[in-house]
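Based on the sequences and whatever the hints tell you, model everything.
There are 2 protein chains.
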Amino acid sequence: MNTEQFIACLRTCVGENGVISDRSQVLPYFEDWWGRCKGDALCVVRPRSTAEVSQVVALCHRHAVPIYVQGGNTSVCAGSVPPHASMGIVLNMSLMSRVIDVSVEDGAMTVEAGCVLATVQEAAAAAGMLFPLSLGAEGSCQIGGNIATNAGGTAVLRYGNMRDLVLGLEVVLPDGRVWNGLRTLRKDNTGYDLRALFIGSEGTLGVVTAATLRLFPHQPEMITAFMSHPTLEATLAVAQMLRAQFGGTLTALELISRSELQLVLKHVPHVSCPLDGEAPWFLLVDIACGADRDALLAEFEARLATGIEDGLIEDVVIPANMAQREALWAIRHSVTEANKTEGMGFSHDVAVPLRALHAFIEETGQAVRTTFPQAQIVIVGHLGDGNLHYNVMFEKSVWAGIADQAGMKKRVNRLVYDQAMRFKGSFSAEHGIGALHVPEMAAYKDDLELQMMEAVKAAFDPTNIMNPGRVLPRVMRETSGSAA
Amino acid sequence: MNTEQFIACLRTCVGENGVISDRSQVLPYFEDWWGRCKGDALCVVRPRSTAEVSQVVALCHRHAVPIYVQGGNTSVCAGSVPPHASMGIVLNMSLMSRVIDVSVEDGAMTVEAGCVLATVQEAAAAAGMLFPLSLGAEGSCQIGGNIATNAGGTAVLRYGNMRDLVLGLEVVLPDGRVWNGLRTLRKDNTGYDLRALFIGSEGTLGVVTAATLRLFPHQPEMITAFMSHPTLEATLAVAQMLRAQFGGTLTALELISRSELQLVLKHVPHVSCPLDGEAPWFLLVDIACGADRDALLAEFEARLATGIEDGLIEDVVIPANMAQREALWAIRHSVTEANKTEGMGFSHDVAVPLRALHAFIEETGQAVRTTFPQAQIVIVGHLGDGNLHYNVMFEKSVWAGIADQAGMKKRVNRLVYDQAMRFKGSFSAEHGIGALHVPEMAAYKDDLELQMMEAVKAAFDPTNIMNPGRVLPRVMRETSGSAA
Chain B
1 MNTEQFIACL RTCVGENGVI SDRSQVLPYF EDWWGRCKGD ALCVVRPRST
51 AEVSQVVALC HRHAVPIYVQ GGNTSVCAGS VPPHASMGIV LNMSLMSRVI
101 DVSVEDGAMT VEAGCVLATV QEAAAAAGML FPLSLGAEGS CQIGGNIATN
151 AGGTAVLRYG NMRDLVLGLE VVLPDGRVWN GLRTLRKDNT GYDLRALFIG
201 SEGTLGVVTA ATLRLFPHQP EMITAFMSHP TLEATLAVAQ MLRAQFGGTL
251 TALELISRSE LQLVLKHVPH VSCPLDGEAP WFLLVDIACG ADRDALLAEF
301 EARLATGIED GLIEDVVIPA NMAQREALWA IRHSVTEANK TEGMGFSHDV
351 AVPLRALHAF IEETGQAVRT TFPQAQIVIV GHLGDGNLHY NVMFEKSVWA
401 GIADQAGMKK RVNRLVYDQA MRFKGSFSAE HGIGALHVPE MAAYKDDLEL
451 QMMEAVKAAF DPTNIMNPGR VLPRVMRETS GSAA
Chain Y
1 MNTEQFIACL RTCVGENGVI SDRSQVLPYF EDWWGRCKGD ALCVVRPRST
51 AEVSQVVALC HRHAVPIYVQ GGNTSVCAGS VPPHASMGIV LNMSLMSRVI
101 DVSVEDGAMT VEAGCVLATV QEAAAAAGML FPLSLGAEGS CQIGGNIATN
151 AGGTAVLRYG NMRDLVLGLE VVLPDGRVWN GLRTLRKDNT GYDLRALFIG
201 SEGTLGVVTA ATLRLFPHQP EMITAFMSHP TLEATLAVAQ MLRAQFGGTL
251 TALELISRSE LQLVLKHVPH VSCPLDGEAP WFLLVDIACG ADRDALLAEF
301 EARLATGIED GLIEDVVIPA NMAQREALWA IRHSVTEANK TEGMGFSHDV
351 AVPLRALHAF IEETGQAVRT TFPQAQIVIV GHLGDGNLHY NVMFEKSVWA
401 GIADQAGMKK RVNRLVYDQA MRFKGSFSAE HGIGALHVPE MAAYKDDLEL
451 QMMEAVKAAF DPTNIMNPGR VLPRVMRETS GSAA
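Chains as they are written, first to last, in the numbering used here: chain B, 1 to 484; chain Y, 1 to 484.
FYI, nobody ran anything at the bench for these hints, they're computed from the structure.
For every residue, glycine included, the Cβ atom is placed at its ideal position computed from N, Cα and C.
Keep in mind that a hint or two might mislead.
Under 8 Å between C-beta atoms, here's a sample of chain B residues computed to sit facing chain Y [stated by the list, open to error]: (1) 163; (2) 184; (3) 191; (4) 192; (5) 196; (6) 217; (7) 247; (8) 249; (9) 387; (10) 424; (11) 448; (12) 458.
Set out below in structure tokens:
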């Protein structure tokens, strides 16, 4: 069967409009949103139902055609576009975007994989409930991609990662069979946790077609604060105090470095900072509450007053209304745009144990400043999770003057990841592996752990058609020979 | 190699005292705590370190000797004792009971698998933190067993199951290799979630030797209430109101039927009930709090007052101190003892979606009363999780008069499990499968799901030496031929 015949078969699965093969229309599906990764594939397939996904996957399985699953195409590690010269297909899930069921009583909602995260949040809110996952790309990323990458974001501290928010899954396995694991149960100890295995597997074990998600009681009140600190020690001491004192009500604890704040103020219009922007570190804090708001606020203000007296806090602003709160959060939500505008930044989505945060930031900073004096260190992080987006940033003109750019990139990454691993951390805390971090999997993962993952991959996808070349460094990438 | 030679080899792994083969001493390890399941094995091996476990497992692997892993031997489904006439060994983890590390800053502690749950709780408390897992057997069950069975208990509503409380694991794989997956990270998206796979796998994929557990800020204050309700509808309405209003602070929401309360009062000395015990349903509620206690208590009391006005609550008692609180919780913690004393009870650890709770209880009750008029229905449950311990109870003299006891047991189980599955529930919400519920796995699990689990089992334990006959109905049990 040649390529045209294969594409014709795909059209019998998903209809004429379900396959995009016109070269003028496929490009947006082959390129990531940064414009850094461009791939190629036979075509784009857009199924409208689980049955269609099943047929497409079964067809690809029979003909050993690789499948690259794509949600909102917001991956930051080339996880959502095909590789160069691929003979596979892009399976784009956007047309499967139904909210199937929302149940306040169950505290659960079931959605198709192509549902945009913001739509999920809105559907939950419309029922008076909260779906807590929140991240920069929420307006375009899809829940299937959030599941594939075990997405994190700003509310992990209180509500956990995507893995903690999924009660059940429907998955099309690599041979086309459909596993209906959609459940609303909180407790079901009947065998292995297959659900957890698919979450974070980045499409290498099957295609998630639908999910049942946990909903939480809507917390009607929020206490937010933005504060500046004189030193890193002081910042971490305040963070530790907040975690101890406001435990389960603390939903966000975001760290922002002065350099990051300055880039936001420089590049993003309509964002302003109510504090003196010259402090070295800032914390953005959310405490979710209800009837207890006044008591919590009084306690919170008292603790902050003590922090100021003790010299741990320079200044603090507590917004009086939602508009003021959103203006503060706009700073946090603008960092990606600001960093992208500034120049060439190497972002590292690292995590370290909380007790190693201070040493990691200090020692890595010293090493970067010594080794790459032209670079600027820009940090924003989910401090409560020990998760830092550690950016080593070269201003555009500086970057243009660097001769061996590829070598520089490698050396920067190596330094930061080596440091994270030295402190028993992770080289990819919440973004996943995609295609981009496969070399780090090879460099930093324990051999036995790779073997265990390879055994799982072989058990579920022995012919390696699902997202080949992603996640696992020693499982074959697609070679140009895998023809239809 | 004959049995004696094999046991001698085991002694070279764990020392003379590490192997118990004397028939007079092995019996407590071969019998479960109910005294219902008695097995047999070559000997009991008690390792003192991960290295010793590794050597023992490697030796068993070479000689194809089955390994039955045992923690505190508190399984309620024959998961912790060997089968009849086994030619395998019991690997008892009790001597590996060290608390390795407690870190307030990391919010994490690392313990060996044989650590008793109560010891873990105490070590956390000594550091001013909370390890929230709490269940009846906490004084003797071990953390390794809690992990193997993904234990639940009374605090799942707020803190999740064991799976949610484990950050990292150390596991000896079925060939003796050691996976060091001990991590304190909240976020680590570098490949498949191997950790989650071992949790709940009941020793069929490897031996958990140590774990890093999540700690939470200690909540210094607790609001507890015990209340009676006129109907099931009223009980569920109050439960729903509490979940909506006290969201993340609600840590326990336990349902007790009149029949269960009466059995406790009948059989367990020193337990008394401050409410009129004739109401059909009771709720025991915990709200954990801190500085916000007064505000929460005022809100709580106001809501309960409304509940009383609306006829949803008959009466309520809010303890004024810890001693009074413990007296109330003593009712809940005494149910197992009471049920055991009463007679022959068939306990069903089922879960159903929250919105199906009412229909499940009503319809199953009707069916049981019609089919088994001699039986009494006794219910205690973790209502917030949809998890009911649904007991069909025969008073001793009634049970003695039943001719076909084995047939009766089967019919009772079949009825209750059929009902749970009809409502898209689970036949084992928190107790796991062990050996006892393997027939239900065969009867109720989707064939494809069993195939997926079998593929995982084959990937990790192809020679099937780890807890054979547990969890998976179609993977071979031990036959008497598997000699050393």
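Here is what the structure says about each hint:
no. : hint : in the structure
1   : 163  : 7 Å, holds
2   : 184  : 4 Å, holds
3   : 191  : 5 Å, holds
4   : 192  : 5 Å, holds
5   : 196  : 4 Å, holds
6   : 217  : 3 Å, holds
7   : 247  : 3 Å, holds
8   : 249  : 7 Å, holds
9   : 387  : 5 Å, holds
10  : 424  : 7 Å, holds
11  : 448  : 6 Å, holds
12  : 458  : 7 Å, holds
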